[in-house]
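Q: Sequence lines, in order, name chains A and B. So the first sequence is numbered by the numbering used here: it starts at 112 and just counts up by one. So the second sequence is numbered by the numbering used here: it starts at 10 and just counts up by one.
For the record, the hints were derived by calculation from the structure and aren't laboratory data. A couple of the hints might just be wrong.
[Unchecked claim] FRET-style restraints, in silico, Cβ to Cβ:
| no. | chain 1 | residue 1 | chain 2 | residue 2 | range |
| --- | --- | --- | --- | --- | --- |
| 1 | B | A137 | A | R239 | 56 to 64 angstroms |
| 2 | B | T66 | A | R393 | 26 to 34 angstroms |
| 3 | A | Y250 | B | G184 | 52 to 60 angstroms |
| 4 | A | G259 | B | A87 | 49 to 57 angstroms |
| 5 | A | R282 | B | P40 | 53 to 61 angstroms |
| 6 | A | A194 | B | A38 | 48 to 56 angstroms |
| 7 | A | H395 | B | V60 | 35 to 43 angstroms |
| 8 | B | A87 | A | L134 | 57 to 65 angstroms |
| 9 | B | L171 | A | H395 | 44 to 52 angstroms |
| 10 | B | P40 | A | A356 | 40 to 48 angstroms |
| 11 | A | P421 | B | A202 | 32 to 40 angstroms |
| 12 | A | D225 | B | A202 | 54 to 62 angstroms |
| 13 | A | Y250 | B | T265 | 30 to 38 angstroms |
| 14 | B | R248 | A | Y250 | 50 to 58 angstroms |
Idealized CB from N, CA, C, for every residue including glycine.
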Amino acid sequence: MTRLLVLLAVLLAAGAGRPASALTYGLTPVRIAEDTWVFVGGTDHFTRANGGNILNPGFIVTGDGVVVIQTGPSRRFGEEMRAAIRKVTAEPIRIVYVGNLHPDYFLGAQAFPDVPVAALPGTIDGIRNEGAAIAGNMYRLVGDWMRGTEPVTPSHAVRGSTVVIGTHRLRLIERHGHTAADLAILDETTGVLFAGGLVFSDRTPTTPHADIPAWLASLDALAGLEFTTLVPNHGRIRSGADAHAAIAETRDWLTWLDGTLRAAAAEGRDMAEMLDHPIPERFHRMNVLRAEYQRSVAHLWPAIERETLPRIR
Amino acid sequence: MPTPRPAPPASAIAALLVIAGPALADVPADPLGSVMWEVLAPAVFGDAPVVFDERVTVLAPADVENALAMPLAVDATALPDVREMVLVADLNPFPVVLRFEPLAARAFIATRIKVEQATAVRGAARTADGVWHVNGRLVDAAGGGCAAPPRAYAAGDWTRHLGEVQARAWPAADGSARLKLRVRHPMDTGLSAGIPAYFIDRLTVAGEDGRPLARIHPLEPVSEDPVFTLVALPAPGTRALALTGRDNNGIEFAATIPMTEAAP
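Okay, chain A solo, but in the shape it has when bound (with noise of 0.2 angstroms):
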């Protein structure tokens, strides 16, 4: 019992020596049009360095209460989501949005326990699923930005459809390809495109839960909508012209992504091979491109392989 106070006193002396201070987003939101604010992110990996903040989650003040959009990585980045937002407006929150499974998206959704946190269906059943390994996994990525942090599996359903709250008319987009379910939110009255993990902006999109020809089929719809400004999952927010350049940079890389893998299957080249593959000079801009090239390597080459090697036996 003595050792075990000596080892809780050890433990207790350890903690209080800790910065607390050290491990803050610094959460400033940027407007980006009428009522609309955006945490603009990295586009590096999780690291320990960043805490994950590589998102660009947003919210918008309706006049009748604020609507949130992706809650960040973390426990910490929700609520200091949450206070930001409240140095904005007074307006209560009313809902949140998260866009798909992945955990930029949902793991900050701890600070709102008080307000529905909607999602597609097969948002909220991946979550169910793999929720908890991927909250594992970011703890190992980022570390003690993780702390306290546990996955909330959404509570409301949401499908594609037209909501309006308050002065704001906003289109919930129902795709798929990025993720199982892919969630796009389209604000009618200032004209701004939240894409969620459909888009990326100057930097390489991922693909552990994608369906590229799905995902391409998504980013034709999203190309036809009327838009003003875009905000890419992550990456520079694009407006303009520029706002409908980002789908077409991001169906460029997944097109060439696919087509080089499977023409490669073809020759008979090897997974392994694969790793050190020349990229592109156009592709050069894009952030972490040579290690996001590796993991949809590994995320694709072998459902490739797997249909198109001939059955001799």
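Keeping the supplied structure of chain A fixed, place chain B upon it in accordance with the hints.
A: Then chain B, alone, in the frame of chain A:
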């Protein structure tokens, strides 16, 4: 994420010095600083001379995205007269991945392996003079790949597909033939409770005359439904390659791989 790994603490090295004893004098220091090297090298290479050699190329990702199937290729074609190759993952519970005999084949073998934790992975090639030439790299990993049960067992019908073969040969103008083959097999490590080790332990590729061109001896770390890529050097005029194999339960399988362009 890919950050240089710090050298092992001096205390770890000291501990290994005590364990490994006199054999140490013959093992060159590991450029990767893996804590297992001094113990593994004598176990894998015995008394044979060992040199680190950049002419052996090891292809693997810096970060392991799927711990159940990390791609790994070793190319020792820059060396003359390679008789045997061995692939090693230092910190796996079963460090030796496979052995490969390129009897009439290029000194190149590629496959996918399970990874239990971040580790050094190595390729070694033994030349005719008996020297083992070794190279390798570090891979970072969430891990757990060796202790997970095969996915096939969840499907329930795996026995109906056991031993199915997908394969294709790509004949080249110089007479060589790149060969890729995939065999349906759980390749279980035996580390999941209640599931015994069950894996293919021998594969032979032969020409039509029965002359073996290459032998692969897979071990526990090779991934479920294993895929292998190699480059055979069959006799001129060879129209088909013969694949035979056996698992550690004695189940045998065989398939014929046409040398002409296969219909997809």
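Q: Take the hints in turn and mark each one as holding or not.
A: Here is how each hint holds up against the structure:
no., hint, result
1, B/A137 <-> A/R239: 56 to 64 angstroms, "59 angstroms, holds"
2, B/T66 <-> A/R393: 26 to 34 angstroms, "29 angstroms, holds"
3, A/Y250 <-> B/G184: 52 to 60 angstroms, "53 angstroms, holds"
4, A/G259 <-> B/A87: 49 to 57 angstroms, "53 angstroms, holds"
5, A/R282 <-> B/P40: 53 to 61 angstroms, "57 angstroms, holds"
6, A/A194 <-> B/A38: 48 to 56 angstroms, "53 angstroms, holds"
7, A/H395 <-> B/V60: 35 to 43 angstroms, "37 angstroms, holds"
8, B/A87 <-> A/L134: 57 to 65 angstroms, "48 angstroms, violated"
9, B/L171 <-> A/H395: 44 to 52 angstroms, "45 angstroms, holds"
10, B/P40 <-> A/A356: 40 to 48 angstroms, "46 angstroms, holds"
11, A/P421 <-> B/A202: 32 to 40 angstroms, "37 angstroms, holds"
12, A/D225 <-> B/A202: 54 to 62 angstroms, "43 angstroms, violated"
13, A/Y250 <-> B/T265: 30 to 38 angstroms, "50 angstroms, violated"
14, B/R248 <-> A/Y250: 50 to 58 angstroms, "56 angstroms, holds"
In summary, the structure is inconsistent with hints 8, 12 and 13 from the numbered list given earlier, while agreeing with the others.
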